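Engineer: Read off the chains here:
There are 2 protein chains.
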Amino acid sequence: MIKVAVDAMGGDYAPSEMVAGAVEAVKAQPGIQVLLVGREDVVTSELSKHTYEKERIQVVNATEVIATEEPPVNAIRKKKDSSIVVGMNLVKKQEADAFVSAGSSGAILVGGQVIVGRIKGVERPPLAPLIPTETGVSLLIDCGANVDARPSHLVQFARMGSIYMEHVMKVEKPRVAIVNIGAEEEKGNALVKETFPLLKECRDINFIGSIEAREIPHGAADVIVCEAFVGNVILKLYEGVGATLISKVKSGMMTSLRSKIGALLVKPALKSTLKSFDASQYGGAPLLGLNGLVVKTHGSSKANEVKNSIIQCVTFKEQGINEKIKESLKAVNKED
Amino acid sequence: MIKVAVDAMGGDYAPSEMVAGAVEAVKAQPGIQVLLVGREDVVTSELSKHTYEKERIQVVNATEVIATEEPPVNAIRKKKDSSIVVGMNLVKKQEADAFVSAGSSGAILVGGQVIVGRIKGVERPPLAPLIPTETGVSLLIDCGANVDARPSHLVQFARMGSIYMEHVMKVEKPRVAIVNIGAEEEKGNALVKETFPLLKECRDINFIGSIEAREIPHGAADVIVCEAFVGNVILKLYEGVGATLISKVKSGMMTSLRSKIGALLVKPALKSTLKSFDASQYGGAPLLGLNGLVVKTHGSSKANEVKNSIIQCVTFKEQGINEKIKESLKAVNKED
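Line by line, the protein sequences are chains F and X.
First residue of the first sequence? That's 1 in this note's numbering, and the numbers climb one at a time after it.
First residue of the second sequence? That's 1 in this note's numbering, and the numbers climb one at a time after it.
Treat the hints with care, since some could be wrong.
Copies of the same chain look alike in the list, so a pair counts if it works inside one copy or between any two.
Stated by the list, open to error - When the alpha-carbon atoms are kept at most 27 Å apart in a straight line, the in silico BS3-like pairs for lysine-lysine are as follows:
hint, residue 1, residue 2
1, K187, K80
2, K302, K49
3, K236, K275
4, K324, K93
5, K248, K170
6, K187, K78
7, K250, K267
8, K187, K79
9, K173, K317
10, K248, K200
11, K324, K200
12, K302, K317
13, K302, K248
14, K326, K250
15, K271, K248
16, K271, K250
17, K120, K80
Derived from the structure by calculation, the hints contain no laboratory data.
Quantities reported herein were computed from a predicted structural model and do not represent experimental measurements.
Here chain F stands alone, though its shape is the one from the complex (with noise of 0.2 Å):
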C-alpha cells in the first residue's frame, strides 16, 4: 500500500478539485491510500459529495494555509500547522511516500529542501515538469528557484533526470541534451562551456550535446537541462505562446460567417488535437533527490490532473527512483 498525502488547500480550485482527484485516484487504482491534509471540517464536508471506500482516504488536520504571494523561508517557519509543512512532515516522518500539492511554488520548493530534506549527496533538489511536444513529453529540469547554478549541479540535473525518465517514464536510454544558443560544442555562456565536457563524460547518461531552444517543442531530446532561471523562461513562455496562439487561432475563426461555420466543424478535431499540447495531462512536476517524493501540480489543477498526480507517485515509489538515485550518486563518487 503506497500514501500520498494530497494537499487539499492549496490550488485555485481547492479544496473541492483536489478532493475529487484524490477520490478519482484511488477509484482509478488500486494500492493507493490518500491522506487528505487541510481543515478537517472543510475537507470531511468536501468528501462527504463524494462515495469511496472510506479506508482509503484519511483526513489529516491542518489548519493554517500557506498563500501563494506570502515570502516562502517566513511562510514554511511560522506556519507550522500549514497544510504544506503538515503535509511534508508526513513525508519526513515516514508516515507517508509522497507530498502531492498545487499550493505556492515557493513554499513547496522551501519545504522539500528544509522539511523533507535532500539524499545525501544531492547538491540541489531540481523541480522537473513535463512538457509537451510533437512526439510526446520531455522532462525540463530544472525549473526550481536554484539560480547561478554551478556545472555540478546541472550534472547531477541530468543523472536525476535520465533516472526518472527512464523509469517513471519508460523511455530507454532517455537522450539527454544541455539548452544552448547553438549546437556547437564551443558556444554558450561559462556555465554552459564548463557543463558540457562534464557531461559528455559521464557514462551512465546518454548525452547528446546542445540543443536549441527552437528543437525543444519537436521532442528532440528526453531530458532538457538548464539553470532553473532558463527553466522558468522556458516553461512559462512556453504556456504564453500556446495560450496566445490558441486564442487567435479561435478568434480568427469568428471573424466571418464562413468562418464561424467551418469553426463549428473543426472544433472536436482540434479539441482533442490541442489536448496532446495542453501540460496539464502529464500530472505534476517532481522536486527531485529529495529524501521522499514531493510533486508539485499546477496552480489551475483540476480533479484529472490531482489524479494522475497522485498515480505518478505510485510509479517513481514502486520503481525505487530515489534508490536508483542514491545507487547513482554513490557509483560516480567510487569512481572519483
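Following the hints, complete the assembly by docking chain X onto the known chain F.
Structural biologist: Same frame as chain F, now just chain X:
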C-alpha cells in the same frame, strides 16, 4: 538620399530573394538607393530579371561568401572580400548608411563590432529583434552573442531599446521590463537583482519592473530586456512553439472528413490571423550602438522581409537614432 548596402549573397534564398527585395524597396519608397553587395556576375544576372530605375540600385563586387557554419571571428578576419566584410566596410567608410544581411549571424555580430565599430561609450552592441505579440510587437533586447552580461550592459540595452521603440516604432513612452522568474523585485538571479535597482533609477526610461516569460506574448511590455542567452532562448522558443502548434492545428484539421470541410472554410480567416504572429512581417533585427546601422534579417528571408528591413533603415536614419543614443549616453555621463 539614404544609401542601404544589402548582402546579396547571404540567406537561404540568396541571391534571388535578396535582389528581389532590393528592387521592391526602391519601388516602394522614394529616397533610397541600394548597393547590392556580392559576386558581380551573379547579382547583375539576377537584376536583369527585374525592371527598376537603374540609378537607384548599384552592384558592389565582393568575390567571397561567408557560410553560416564558419567560425565568425576567423571568417571576418580572413574573407576580406566577402559580401559581409565589403558591406560593413561601406558603412564604416560612410559610403552607405546601413547594411542589411540575411547571412551568418555570428559573422554579422562580429563584423559589426570589429569593422563598423561601437559608438563611444557603448559597452556591447545588442541585437534587438521585434517579436509579435497579441497587441502588436515588442523589442527583445539582447539576442546577440554577448554572453555573461553585466548589469551596466543591460541598462544600456534598456536605454537603446527604448529610443528605438519610441522613434522607429512610434511607441510613446515605451514600457521597459526585465525578464524575471517572478514579479517581485527580490526575485531573480544575481544579474537581475543587481540590474533591477539600476533600471529603477533611470529617469530617461519608463521602467515597469519584471516581466515573466508567460506575459511576453500578451504584449505586457514594449522593450524586453534580458541577457543574450535568455534572449536567444525566448526568440527561438517563440518560433519553435509557434511552428509546432500551427502544424498541430493543421494536422488536427485533417483527421476527419468533417474537419477537412471545416478547414477549407476557416483557412482564409486563419491565414491572416496567423500572419500577424509571424516574425518575418516586421523586418530585421538591428544591431544597436554601432557607428552606422547593421540589420540582421532572418536566414529564411524572402523579398518581402528584405524590403521591410531596407525601409526600416530609412526610419532609423531619418529619426537620427544613433545621434539620440549618443545624446542619451552623454546625458547619463554628465549625471554621474
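Engineer: All the hints need checking, so say for each whether the structure fits it.
Structural biologist: Evaluation of the provided hints:
1. K187 <-> K80: between (47 Å within a copy, 24 Å between copies)
2. K302 <-> K49: For K302 and K49, only the intra-copy Cα distance (16 Å) is at most 27 Å; the inter-copy one is 61 Å.
3. K236 <-> K275: both (18 Å within a copy, 23 Å between copies)
4. K324 <-> K93: Result: close within a single copy only, 21 Å intra versus 64 Å inter.
5. K248 <-> K170: between (36 Å within a copy, 25 Å between copies)
6. K187 <-> K78: between (45 Å within a copy, 21 Å between copies)
7. K250 <-> K267: So K250 and K267 pass the 27 Å test inside a copy (10 Å) and across (12 Å) alike.
8. K187 <-> K79: Between copies only: 22 Å across, 46 Å inside.
9. K173 <-> K317: within (20 Å within a copy, 55 Å between copies)
10. K248 <-> K200: Neither. Shortest intra-copy (42 Å) and inter-copy (34 Å) distances fail the 27 Å Cα cut-off.
11. K324 <-> K200: Within one copy only: 21 Å inside, 48 Å across.
12. K302 <-> K317: Result: close within a single copy only, 23 Å intra versus 54 Å inter.
13. K302 <-> K248: So K302 and K248 pass the 27 Å test inside a copy (25 Å) and across (25 Å) alike.
14. K326 <-> K250: Close neither inside one copy (48 Å) nor across copies (45 Å); limit 27 Å.
15. K271 <-> K248: both (15 Å within a copy, 11 Å between copies)
16. K271 <-> K250: Classified as both; 11 Å inside a copy, 12 Å across copies.
17. K120 <-> K80: within (25 Å within a copy, 57 Å between copies)
The structure shown violates the earlier hints numbered 10 and 14.
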